[in-house]
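**Student:** So the sequences go chain by chain: A and B.
My numbering puts the first residue of the first sequence at 5, with every later residue one more than the last.
My numbering puts the first residue of the second sequence at 5, with every later residue one more than the last.
The hints are simulated quantities; they were obtained by calculation from the structure and are not laboratory data.
Incorrect hints may have been included.
Unchecked claim - Restraint ranges, calculated between C-beta atoms of paired labels, are given here:
{"hint": "1", "chain 1": "B", "residue 1": "A16", "chain 2": "A", "residue 2": "D68", "range": "21 to 31 Å"}
{"hint": "2", "chain 1": "A", "residue 1": "A187", "chain 2": "B", "residue 2": "R73", "range": "30 to 40 Å"}
{"hint": "3", "chain 1": "B", "residue 1": "L64", "chain 2": "A", "residue 2": "D208", "range": "58 to 68 Å"}
Stated by the list, open to error - Take a look, some chain A residues computed to stay more than 10 Å from chain B by CB distance:
{"hint": "4", "residue": "P27"}
{"hint": "5", "residue": "D84"}
{"hint": "6", "residue": "D125"}
{"hint": "7", "residue": "L194"}
{"hint": "8", "residue": "V211"}
{"hint": "9", "residue": "T214"}
{"hint": "10", "residue": "D215"}
{"hint": "11", "residue": "V216"}
{"hint": "12", "residue": "W218"}
{"hint": "13", "residue": "D222"}
{"hint": "14", "residue": "S225"}
{"hint": "15", "residue": "D230"}
{"hint": "16", "residue": "P235"}
{"hint": "17", "residue": "G237"}
Note that the Cβ used here is the ideal one computed from N, Cα and C, for glycine as well.
2 protein chains.
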Amino acid sequence: MTATDLEQRLRAIGAARYHDKHPFHTLLHGGGCSPDQVRAWVINRYYYQSRIPMKDAAFLSRCDDPALRRRWRSRIEDHDGTDTSEGGLERWLRLADAVGLDRAYVASTRGVLPATRFAVDAYVRYVRDMPFLQAVAASLTELFAPAIHANRIAGLFEHYDFADQRSMSYFQHRLTEAPKDVAFGLAWVLANADTPEKADMACDALVFKTDVLWAQLDALSAAYVDPGRIPPGAWQPGEGLA
Amino acid sequence: MTATDLEQRLRAIGAARYHDKHPFHTLLHGGGCSPDQVRAWVINRYYYQSRIPMKDAAFLSRCDDPALRRRWRSRIEDHDGTDTSEGGLERWLRLADAVGLDRAYVASTRGVLPATRFAVDAYVRYVRDMPFLQAVAASLTELFAPAIHANRIAGLFEHYDFADQRSMSYFQHRLTEAPKDVAFGLAWVLANADTPEKADMACDALVFKTDVLWAQLDALSAAYVDPGRIPPGAWQPGEGLA
Numbered sequence: 005m006t007a008t009d010l011e012q013r014l015r016a017i018g019a020a021r022y023h024d025k026h027p028f029h030t031l032l033h034g035g036g037c038s039p040d041q042v043r044a045w046v047i048n049r050y051y052y053q054s055r056i057p058m059k060d061a062a063f064l065s066r067c068d069d070p071a072l073r074r075r076w077r078s079r080i081e082d083h084d085g086t087d088t089s090e091g092g093l094e095r096w097l098r099l100a101d102a103v104g105l106d107r108a109y110v111a112s113t114r115g116v117l118p119a120t121r122f123a124v125d126a127y128v129r130y131v132r133d134m135p136f137l138q139a140v141a142a143s144l145t146e147l148f149a150p151a152i153h154a155n156r157i158a159g160l161f162e163h164y165d166f167a168d169q170r171s172m173s174y175f176q177h178r179l180t181e182a183p184k185d186v187a188f189g190l191a192w193v194l195a196n197a198d199t200p201e202k203a204d205m206a207c208d209a210l211v212f213k214t215d216v217l218w219a220q221l222d223a224l225s226a227a228y229v230d231p232g233r234i235p236p237g238a239w240q241p242g243e244g245l246a
Numbered sequence: 005m006t007a008t009d010l011e012q013r014l015r016a017i018g019a020a021r022y023h024d025k026h027p028f029h030t031l032l033h034g035g036g037c038s039p040d041q042v043r044a045w046v047i048n049r050y051y052y053q054s055r056i057p058m059k060d061a062a063f064l065s066r067c068d069d070p071a072l073r074r075r076w077r078s079r080i081e082d083h084d085g086t087d088t089s090e091g092g093l094e095r096w097l098r099l100a101d102a103v104g105l106d107r108a109y110v111a112s113t114r115g116v117l118p119a120t121r122f123a124v125d126a127y128v129r130y131v132r133d134m135p136f137l138q139a140v141a142a143s144l145t146e147l148f149a150p151a152i153h154a155n156r157i158a159g160l161f162e163h164y165d166f167a168d169q170r171s172m173s174y175f176q177h178r179l180t181e182a183p184k185d186v187a188f189g190l191a192w193v194l195a196n197a198d199t200p201e202k203a204d205m206a207c208d209a210l211v212f213k214t215d216v217l218w219a220q221l222d223a224l225s226a227a228y229v230d231p232g233r234i235p236p237g238a239w240q241p242g243e244g245l246a
């Protein structure tokens with residue numbers, strides 16, 4: 005088992021299970037979503053975005069290597085911002101503005117599907133509680149993110165009036181942020197998963213993370229697309245508008 | 005705000021949000037489920053059952069009142085069994101036998117929907133981590149369980165060949181176990197939620213728990229009923245048969 009073998013296994017997991025295969029993304033990127041379906045996606049995906057810096061803080065809280073912490077810390081800055089950059093959460097709220105949502109409603113995370121919370125919270129806890137190698141390996145879905153972001157940018161610009169440089173800036177930034185993070189994360193996993201057992205653990209972590217992403221789209225689809233049954237207490241079209 | 009007011013609020017939450025309102029149960033109890041849909045329910049619901057004693061152990065692990073621990077401990081015995089009673093998990097596996105599943109497959113929890121795991125694990129962690137009052141109050145969905153169990157027993161006996169005294173014994177036992185537990189739990193919550201803030205916390209806990217139950221049925225329905233899209237890695241009809 006070489007590092008190359010492990011990298012191939014990890015990439016095969018993405019090819020089979022990453023959420024770019026989910027029909028909701030086909031619908032979204034192809035222009036098939038109604039304004040309310042786009043809003044439901046923006047509201048629920050915000051919950052995931054909002055927990056990413058908390059996940060990365062949980063990671064830092066258990067990392068005893070200053071060099072690794074320094075390297076990882078930029079993930080928090082990418083989402084929460086710095087003195088000179090507004091950060092991904094602010095950019096996502098600009099997308100919320102553009103689709104007609106009240107950004108305070110979106111930021112409150114009221115109306116988020118319970119299933120979205122359960123999946124995302126499971127990810128934060130995974131990174132906090134599981135073996136350190138797996139906390140790193142779970143982040144490797146970023147290997148597959150630039151392709152979906154590029155498709156999304158092209159599809160949204162083509163099909164939706166709300167898409168402009170301002171509302172799409174979250175995705176534009178992720179095109180450069182994600183590869184930087186994942187190149188480091190992949191190299192770290194390949195260097196540290198140096199037994200067959202550890203390689204299996206790394207693969208399991210990536211499978212877990214693809215489940216987290218897939219489950220969010222399944223819940224979104226069931227609630228707002230097909231069969232379109234909104235669970236008690238979740239966002240109803242018409243709520244939370246600007 | 006009196007104890008009677010709080011009890012009315014708790015019962016209203018059940019009336020609005022308990023999973024007896026979910027269309028999957030209408031389908032199941034009315035005889036509309038295919039054998040594979042029943043199997044998917046048995047497989048996924050087993051995961052919930054299997055985590056209940058772990059949830060109750062988490063509760064005991066933070067309870068510093070010996071009298072309350074003694075009282076609560078019977079919940080673990082009800083599921084895991086004693087020298088003289090086989091317990092609820094064994095009874096559930098008998099149901100698995102009756103619907104043609106390999107009980108070792110079911111007990112392995114392989115093939116369980118990721119969304120089921122996320123929801124159920126969220127419940128175990130809630131009871132471990134949240135304020136103690138809420139750990140108790142989350143159990144109060146048992147207030148509404150005897151009615152659904154009685155409907156289920158009647159519906160399954162009427163519509164499905166696998167239903168007999170042996171396969172239905174899990175539900176028969178819950179008819180007497182759940183009321184015993186919940187009478188105590190309700191009295192405890194009503195006595196201890198003695199401020200408006202605590203009453204709100206108890207209601208929030210019950211809302212959370214109804215979300216946990218509802219999300220499981222939403223995931224089951226989306227995967228195996230409508231639209232019937234099975235997530236990567238989850239049970240496929242034909243797998244795990246006896």
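**Student:** The structure should be examined with respect to each hint, and the outcome stated for every one.
**Tutor:** Here is what the structure says about each hint:
{"no.": "1", "hint": "A16/B / D68/A: 21 to 31 Å", "in the structure": "50 Å, violated"}
{"no.": "2", "hint": "A187/A / R73/B: 30 to 40 Å", "in the structure": "52 Å, violated"}
{"no.": "3", "hint": "L64/B / D208/A: 58 to 68 Å", "in the structure": "30 Å, violated"}
{"no.": "4", "hint": "P27", "in the structure": "7 Å, violated"}
{"no.": "5", "hint": "D84", "in the structure": "24 Å, holds"}
{"no.": "6", "hint": "D125", "in the structure": "6 Å, violated"}
{"no.": "7", "hint": "L194", "in the structure": "24 Å, holds"}
{"no.": "8", "hint": "V211", "in the structure": "7 Å, violated"}
{"no.": "9", "hint": "T214", "in the structure": "7 Å, violated"}
{"no.": "10", "hint": "D215", "in the structure": "4 Å, violated"}
{"no.": "11", "hint": "V216", "in the structure": "8 Å, violated"}
{"no.": "12", "hint": "W218", "in the structure": "5 Å, violated"}
{"no.": "13", "hint": "D222", "in the structure": "6 Å, violated"}
{"no.": "14", "hint": "S225", "in the structure": "7 Å, violated"}
{"no.": "15", "hint": "D230", "in the structure": "5 Å, violated"}
{"no.": "16", "hint": "P235", "in the structure": "5 Å, violated"}
{"no.": "17", "hint": "G237", "in the structure": "7 Å, violated"}
Taken one by one, the earlier hints fail for this structure at numbers 1, 2, 3, 4, 6, 8, 9, 10, 11, 12, 13, 14, 15, 16, 17, listed in ascending order.
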